[in-house]
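Q: Here is what each chain is made of, one letter per residue.
Protein chains: 2
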Amino acid sequence: MIKKIEKVALFGGTHGNELTGIYLIKKFLKNPHLLKRETLKVFPFLSNPKAIELSVRYTEIDLNRCFASEDIENLDNILYEQLLAKTIHQKLRDNQINFLVDIHSTTSAMGLTIILSDQNDFHLQLCSYLSLIYPELKVLYYVSNETNKLLRSNTELGLTIEVGAIPQGVLEAELFIKTEQLIYSLLDFLDKYNHNEIEKKSHNLVVYEVFERIDYPRDGEEVIAMIHPNLQSKDYQAINFGDPLFITFNGEIITYQGDSNVYPVFINEAAYYEKSIAMCLTRKREITVTFNPIQ
Amino acid sequence: MIKKIEKVALFGGTHGNELTGIYLIKKFLKNPHLLKRETLKVFPFLSNPKAIELSVRYTEIDLNRCFASEDIENLDNILYEQLLAKTIHQKLRDNQINFLVDIHSTTSAMGLTIILSDQNDFHLQLCSYLSLIYPELKVLYYVSNETNKLLRSNTELGLTIEVGAIPQGVLEAELFIKTEQLIYSLLDFLDKYNHNEIEKKSHNLVVYEVFERIDYPRDGEEVIAMIHPNLQSKDYQAINFGDPLFITFNGEIITYQGDSNVYPVFINEAAYYEKSIAMCLTRKREITVTFNPIQ
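As they're listed, the protein sequences go chains A and B.
Letter by letter, the first sequence follows residues 0 to 294 of numbering that gives the first Met the number 0.
Letter by letter, the second sequence follows residues 0 to 294 of numbering that gives the first Met the number 0.
Errors might be hidden in some of the hints.
Identical copies go unnamed one by one, so any copy, or any two together, can satisfy a pair.
DSS-like cross-link-like pairs, simulated, lysine-lysine; straight-line CA separation at most 27 Å [stated by the list, open to error]:
1. K199 x K90
2. K274 x K26
3. K274 x K25
4. K233 x K177
5. K25 x K85
6. K29 x K283
7. K274 x K49
8. K25 x K199
9. K199 x K26
10. K25 x K191
11. K3 x K35
12. K29 x K233
13. K29 x K274
14. K2 x K233
15. K90 x K3
16. K233 x K274
17. K90 x K233
18. K49 x K283
None of these hints come from the bench; they were simulated from the model.
Treat the numbers as computed from the prediction; the structure is a model and nothing was measured.
Next comes chain A alone, as it looks inside the complex:
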């Protein structure tokens, strides 16, 4: 049971080379009427203007790994993004934000994805509502030992939007337009929720749950293989025992040796080479979501 959502923050440019969110926020800053909903106050923010200016993911440390409470409170954390995180955290508290949307893009072919780090009924109901409007929308449940470090973790409620495939530093019109529409529908839902106007019904929602991360084959730190061509751009498609995962620079094929019917995502994401992630493996789960009216 969630009380009214009144203050919503939209963030773009948490990574300064992911242009979709950056240019959406710029559009919202110039056209605040687009975000107006009767019961909501919506705040658009550019998370990391310095990284945006330089068109880099970050200048000193990944901003989206700087929000753990102990890091926010640590007065010795003085890298640029660590300082920025403290300010953003304070801004969210001062404005009493209770729902946060962080807009990202990926070089992986993940289409229109919502990432949840919390499967409470409210989030699931929201995702159900959106997936009925956007049948292509995928819902990814992704919890790791880094979840508490994310910008998203600053509020109890909220989600990450992840769209791709889009190269870093590039605007892709089709996904830009779809992401914009998704945000409007999300705000519509919150407004309807506050008005107690969400229709009571149950819905079967598919959720992909990350359970493992796989690194590139390496020799020391050096990558020695690439995503196999059969797997490239095949996010959310099932792989089975024995399917090719990688091809080494010498042409040897490395196959998948785990359980069948798992669904890889974040396949060949540019920013994850340094994080030792070639892909994340998920299991597909169908959840029956029933609406819980406002308290």
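Dock chain B against the given chain A, drawing on the hints supplied.
A: Using the frame of chain A, we list chain B on its own:
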């Protein structure tokens, strides 16, 4: 009439976030036998190790714009890449390199492209030979007021390989393998040429010639429109008067108002936002190439 080609330099990592060339050169450095041809001495080089380490295009200035003679000679040019250019230039002279290949990748869907800045018979004959082996290969003739600043311009003979679509910071296996094969065939040609073994025949070669560069619509420096979805990833496909080029963030469509039957390339290349290039327009020309035997 060209004399024997004896010393060949292969460069990858002229831009430090274009991984195809970087990992090909690393492979060649580890496996020099792959480059062995009877009449050739082949030198693989990583152009900008510092940018490669940081996975950025460049650290201070685009290395591939630092090779004009006046810049090489200018003792006040002390940015990192300007200094590096002087050293590379000297290395090419000391090793008496007479053929240079510079391997790049692009976020544009340009497939397997050879860029020529000189349409002499030797280059055309080489491209004919390669296009008979790789029918998908495109030949782009691209001369601008920056041509003399390119790494490529250090030798009389040579070419740039440009493959895509590949996001910056990403390895794409299919294009990696194709680029590798293309380089082996190129070395085969040079070796056959030195042996006077190139078959005498004429061939019709299609060359796309850049005649104009189009910037994004802007308000001051700020981009205000994206490549239209109909044009995205349509490199080397004809556009005609009235076809959509851009869509603004507000949904207005901007159409092409020039001559019909032009062929855009470098559509939505990430690195060209800062260079004010949304695409390059080319005309398609068919050239009959006849082999000129060694002098």
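Q: None of the hints should be skipped; say for each whether it holds.
A: Right, here's what the structure says about each hint:
In this assembly of identical chains, the alpha carbons of K199 and K90 never lie at most 27 Å apart, being 35 Å within a copy and 74 Å across copies at closest. For the identical chains of this complex, K274 and K26 are inter-copy neighbours only, at 23 Å across copies versus 31 Å inside a copy, given an alpha-carbon limit of 27 Å. Taking identical chains as interchangeable, the C-alpha atoms of K274 and K25 lie at most 27 Å apart only when they sit on different chains, with a minimum of 21 Å there against 29 Å within one chain. Proximity of K233 to K177 under the C-alpha cut-off of 27 Å is found in both arrangements, the shortest distances being 20 Å within a copy and 20 Å between copies.
In this homomeric assembly, K25 and K85 come within 27 Å of each other (Cα to Cα) only inside a single copy, at 23 Å, whereas the closest approach across copies is 41 Å. In this homomeric assembly, K29 and K283 never come within 27 Å of each other (Cα to Cα): the closest approach is 40 Å inside a single copy and 42 Å across copies. Proximity of K274 to K49 under the C-alpha cut-off of 27 Å is found in both arrangements, the shortest distances being 22 Å within a copy and 20 Å between copies. In this assembly of identical chains, K25 and K199 lie within 27 Å of each other by CA distance neither inside one copy nor across copies; the values are 36 Å within and 60 Å between.
In the homo-oligomer, the alpha carbons of K199 and K26 never lie at most 27 Å apart, since the shortest distance is 34 Å inside one protomer and 60 Å across protomers. Within a single copy, K25 and K191 get their C-alpha atoms as close as 26 Å, which meets the 27 Å cut-off; across copies the closest is 57 Å, which misses it. For the identical chains of this complex, K3 and K35 are intra-copy neighbours only, at 16 Å inside a copy versus 71 Å across copies, given an alpha-carbon limit of 27 Å. In the homo-oligomer, the alpha carbons of K29 and K233 never lie at most 27 Å apart, since the shortest distance is 37 Å inside one protomer and 31 Å across protomers.
For the homomeric pair K29 and K274, the shortest alpha-carbon distance between copies (25 Å) is at most 27 Å, but the shortest distance inside one copy (35 Å) is not. Taking CA atoms no more than 27 Å apart as the test, K2 paired with K233 passes in neither setting, with 39 Å inside one copy and 49 Å between copies. In this assembly of identical chains, K90 and K3 lie within 27 Å of each other by CA distance solely inside one copy; the values are 20 Å within and 68 Å between copies. In this homomeric assembly, K233 and K274 come within 27 Å of each other (Cα to Cα) only inside a single copy, at 21 Å, whereas the closest approach across copies is 33 Å.
Neither within a single protomer nor between protomers do K90 and K233 lie at most 27 Å apart by alpha-carbon distance, with minima of 39 Å and 44 Å respectively. Within a single copy, K49 and K283 get their C-alpha atoms no closer than 38 Å, and across copies no closer than 42 Å, so neither meets the 27 Å cut-off.
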